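Trainee: So you can see what is in the structure, the chains are spelled out below.
2 protein chains.
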Amino acid sequence: MRRLIHALCALVCLLAAPAFAEDGYDLWLRYKPLASAEPLPRAIVAQDNTPTVKAAVAELQRGLSGLSGRRISVAKNVSAPSVVLTRLTTPEAGLGNEGYMIREGRQNGQPVVRIRANSDIGLLYGAFAYLRRIQTGATTDTTDAPKVRLRLLNHWDNLDGTVERGYAGASLWDWWRLPDLQDPRYTDYARANASIGINGTVLNNVNAKAASLTAPYLDKAAVLADTFRPYGIRIYLSARFSAPIELGGLKTADPLDPAVRAWWKAKADEIYAKIPDFGGFLVKANSEGQPGPQDYGRTHEDGANMLAEALGNRGVVMWRAFVYKAEVADDRHKQAYSEFKPHDGQFAPNVLVQVKNGAIDFQPREPFHPLFGAMPKTPLMMEFQITKEYLGFATHLAYLGQYYEETLRADTFQNGQTGWSVARVVEGEHHALSGMAGVANIGTDRNWSGSHFDQANWYAFGRLAWNPQGSAHDIATEWAKMTFTPDPRFVTPVVALMMRSRETVADYMTPLGLHHLMDTGHHYGPGPWVDNLGRPDWNPVYYHKADDKGIGFDRTRTGSDALSQYDLQAQKFWADPKSMDERYLLWFHHLSWDYKTRSGRPLWDELVLTYDKGAKEAAAMQQTWAEMKPYVDAERFKAIASTLRIQAREAKWWRDASIAYFQSKSGRPLPAGVAAPEKSLDYYKSLTFPYAPGHH
Amino acid sequence: MRRLIHALCALVCLLAAPAFAEDGYDLWLRYKPLASAEPLPRAIVAQDNTPTVKAAVAELQRGLSGLSGRRISVAKNVSAPSVVLTRLTTPEAGLGNEGYMIREGRQNGQPVVRIRANSDIGLLYGAFAYLRRIQTGATTDTTDAPKVRLRLLNHWDNLDGTVERGYAGASLWDWWRLPDLQDPRYTDYARANASIGINGTVLNNVNAKAASLTAPYLDKAAVLADTFRPYGIRIYLSARFSAPIELGGLKTADPLDPAVRAWWKAKADEIYAKIPDFGGFLVKANSEGQPGPQDYGRTHEDGANMLAEALGNRGVVMWRAFVYKAEVADDRHKQAYSEFKPHDGQFAPNVLVQVKNGAIDFQPREPFHPLFGAMPKTPLMMEFQITKEYLGFATHLAYLGQYYEETLRADTFQNGQTGWSVARVVEGEHHALSGMAGVANIGTDRNWSGSHFDQANWYAFGRLAWNPQGSAHDIATEWAKMTFTPDPRFVTPVVALMMRSRETVADYMTPLGLHHLMDTGHHYGPGPWVDNLGRPDWNPVYYHKADDKGIGFDRTRTGSDALSQYDLQAQKFWADPKSMDERYLLWFHHLSWDYKTRSGRPLWDELVLTYDKGAKEAAAMQQTWAEMKPYVDAERFKAIASTLRIQAREAKWWRDASIAYFQSKSGRPLPAGVAAPEKSLDYYKSLTFPYAPGHH
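Line by line, the protein sequences give chains L and F.
Quick note on this note's numbering: the first sequence kicks off at 1 and runs consecutively.
Quick note on this note's numbering: the second sequence kicks off at 1 and runs consecutively.
Bear in mind the hints are in silico, worked out from the structure with no lab data behind them.
Owing to the predicted nature of the structure, the values given are computational and were not obtained by experimental measurement.
Please note: incorrect hints may appear among the correct ones.
Same chains, same names: a pair is fine if it fits in one copy or spans any two.
[Claimed, not checked] Heads up, simulated BS3-like pairs for lysine-lysine below, C-alpha to C-alpha not over 30 Å straight-line:
#	residue 1	residue 2
1	Lys377	Lys545
2	Lys325	Lys572
3	Lys274	Lys638
4	Lys679	Lys209
5	Lys578	Lys545
6	Lys665	Lys274
7	Lys251	Lys265
8	Lys265	Lys679
Let the hints inform the model, and build the full structure from the sequences given.
Mentor: Written out as structure tokens, the structure is:
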């Protein structure tokens, strides 16, 4: 018998090797054996057997057995060191519906870790938190609850399997083979999201097709909802505003038309019959060609409130503020504010207005969106982009936790008061609803996100949605420890690299507050010269306004005056080029090439040197990574080295093309010691990329 | 120490469980422990250390350790029971460049298995063959060599990651991140192909983009070539005939123009500088809108020979015979023959003409293509479709080995002689070149082929390309044993199911020789009513010609006379409806609804009953599969049950829609006991599938 077991284990040892390919599929849930001798519980005790409690028990079993290398049993009573899951019989107010408490103690003479919550989902979150704390070396005892109610991924996934701005393969949703074929990956998706507190997912692109609201697609969505439900994740759908015409055969989608209202009400009822916990609708209306209430002379709140009424108290409407009129206004920066601020307080109670982090479009750096300081009577939902449309796709390392933190910590001076950070606005203390959405970076790539480091952006989004006042540095540290190794020789340099990485990208792409310089349509690579698109505010030249005299977008009173959309105190951040953070300089000011920057150098020199610095830093990241080789498996080491090589090459391309172009405007020599662009401006202009991904 | 090892193994046992998810990724190379007590070698002895020999050693190590549950060592000399790999110093003529011998024997007092070959690739093929023989219970000793020289996959993969007629996710080739990022999956692709003898792969769609011939894409292709080379797999590219215009800036692509010829010669040289063993070009010219030599008043051989000259003795041109003129002829069936037969013998020595298995387009059943009997002076390469464009995509079970065998065994009576089976023509005994191509069913789906049973079609294609006279039944048996279990309680019923499955599909889609009844464009589901496409021969009604009197395409002398393109003796197979195989009946004959079939029933009744039988058989497949539950892992069992459920539902849809439509023509009652279609003909006509996969 002993020999048999031994032979069996030897066999498994042998066979395990190839199966253990470190392809990134396990994300931060790898549960590799801990080096520390800290004794771990050997049993899990749970009274209930609901699907969510079962998920918590299974995760603890998987996690603790991986971390301890022992079999972990499930018991009804404590007779060994145990984790005990208990739903509180008397609700603990501070925990709300999703919070948890973890406490070490003793029971029946055994050491126990008690996870307690008011709800099953609190227990699941507590289980994940406990596993995270073990892996990251945190103390066991903690109490935590989310500060934001809706913590959602937005999938810009199309029904044909493509993903708009997706760089991680095709859509995870196999619409074609649903509802019959249920990919086990859907469960791992739910596990990963629950582990970071995400509690909702919008399945389809905001550029929505009406077909997603038809019965066959609702049946497919219902299967996903069933799979996600035990993990506390509700599904939502992007709704096409003109669906009553396309599906209902009506002549209009006017939100005040009774037949239209009845159609949406019936549609909502149909959805709830199939998906009882359906979360609600996300709507992109009257923006970039999408239909909306303005097509009928109605307002955004007419549209949003009509859908809100159809959902009733069963779900929410997330109405996007990313709008710009068909007629080109003086500055796109101002449009969302102009359209939405006057309607503050006029939305139904189950409507949130979903606002991108900045007023343009997910640029490598943007000042926070002025709406966050301007609509105190409306719950404003944050929309971050996790997928890196403008930050180098999945092949550049740019840790967005640092970006999100920068936005969330900015003070809006809402109502003229200090201390109203974007985070606090998003937490929505005045409102029953609050929310944060992240445009997902997830696809069918085996590593989910297109590159290993992009997993960190998914992770950071979830953690910051749970607590918008969290620390990007701490979150990066957690992620690195769980995803690779807790060895400080790895964690310290890699976290430093991550924290710097987004700044590096901004430097080689859009330094000093420049923005929207990416090439046409696909947004891959530099295109500062592009000036031939259908409307002026689609062109990079509209945004940088470089000529032989200077560069930058004047958004002060002498220019578009977009600055005035911020509170007076917030305006002070950026009003004076001399005192402001120069990383936003050309976002707000048009300045002479001779303008003297804080370094003492003229603007032209500063711009060139910043491009140069960014490209050099991108190249240097490869060296840092090379030194990590002893701490990383060969497979991920090599894959990351490859993407860093791509990034270094493309950073140099950005630097060279941008310097070549802006030099053609400034007509000035490069600062001493700065290498000239490798090729001619015409060469850079000649490059085309018809097969760039994510452009659907 | 012992406790440590034990703990370690226990740990691995625990951890191994989730990693062992049976997701189908391992294909037929799972190497699970054998139940039999047959002692297996414990060491591998190889003298050389070339990349190909290393691959053979690694595969033997992986395979034997999996199958035996023991560690397998690599040695320079025999001191334990061993597999000995030896390249023959005196070439053995019968083995050619790719064959092998496997013999049991003794050496240094130890039992050995000797694998010998003239070449390294022969050793790799021998290693795979040995592992296959162990797993399928065959005797060890064997000698084998391929009967066909070029055994190729054709990927209809686009540069944007979509796959034309692909139902298994996106393209495996990550063009965007190549050449930097090298997916480890490329190596597993090469292993899988080498294991079944495939020795070449055309990377891009025959509807080719010129961009695939540009330097950046050649650099990407070169990385794939480097990865595949140790596995004996050469890469080929589909060439766009107009590339000299699009890439070279020439005004013409006329194959007789000296500048065009020089451009292709220079392009070939550029390719060989990057890929020294580049295989050559596949060309779809003057077909379905693709450019070609006829645009300049030249012939197919003018085009093919020009490219052949550019390649010289370095590579081959595979010139596709799937052509039909812009002007609609009387019967598309006749066009390839009419265009190519007159040019037999006029192609350069390094040109093969690649002919689809039948004259229409990969229908569920087609008589063999008449060209196979008609071009004795030209090497004819077979083109089979592995992806199931017309046989239910990846969600219907249809084992194509049986289809391929049916075609390959047909007698062409080439030159009026008996015994010239299609297989023998393809083997090309008169020619230096021979080839078989399969349009790949491979994509990024974790199980490679979109469904587990579709892996069998990839497998069967490879095995039949190696030996076109092989047995589809034997191949299915091999595959089932290696992919699931050798347990006869599984193998016997499942192989029977597989062997019947394609007939079942033909019955519920296109019974009695009907063909091309699939719905518009995407070819998903029934569309026998479609009559509105751009040209008559794109419409199903063109192919079935049903009216109130009868049905079928008269291809005899009273009709299009396509039958006359076959040898007189082959014509006898199909000339007389009374004596012929009725599974081809309406392919060649237009008959009255009252026509009395061999069963004694009128044609109308026979047609309806065949549809009914197909749908019933599809439903019954689910029961057979349900009985396999004890022998299959839960994951694959469930996935296959899901696809069989889809198939049963869609088979009924095919049956119902087809009967409803043809009844609207025949005006006749259903035979007694046959259920009426579930819904109205208008309902079936109303269905649309804008997001059907593979339609790019």
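Trainee: Each hint should be assessed against the structure and marked as holding or not.
Mentor: Hint check:
1. With identical chains, the CA atoms of lysine 377 and lysine 545 are never at most 30 Å apart, being 37 Å at best within one copy and 68 Å at best between copies.
2. Taking CA atoms no more than 30 Å apart as the test, lysine 325 paired with lysine 572 passes inside one copy only; the shortest distance there is 29 Å, against 72 Å between copies.
3. In this homomeric assembly, lysine 274 and lysine 638 come within 30 Å of each other (Cα to Cα) only across copies, at 23 Å, whereas the closest approach inside a single copy is 46 Å.
4. For the homomeric pair lysine 679 and lysine 209, the shortest alpha-carbon distance between copies (27 Å) is at most 30 Å, but the shortest distance inside one copy (44 Å) is not.
5. For a Cα distance limit of 30 Å, the shortest separation of lysine 578 from lysine 545 inside one copy, 20 Å, qualifies, whereas the shortest one across copies, 82 Å, does not.
6. When the C-alpha separation of lysine 665 and lysine 274 is checked against a cutoff of 30 Å, the pair qualifies neither within a copy, at 60 Å, nor between copies, at 40 Å.
7. With identical chains, the CA atoms of lysine 251 and lysine 265 are at most 30 Å apart within one copy only, with a shortest distance of 17 Å there and 61 Å across copies.
8. In this assembly of identical chains, the alpha carbons of lysine 265 and lysine 679 lie at most 30 Å apart only when taken from different copies (29 Å versus 60 Å within one copy).
The structure is inconsistent with the numbered hints 1, 6, although it conforms to all the rest.
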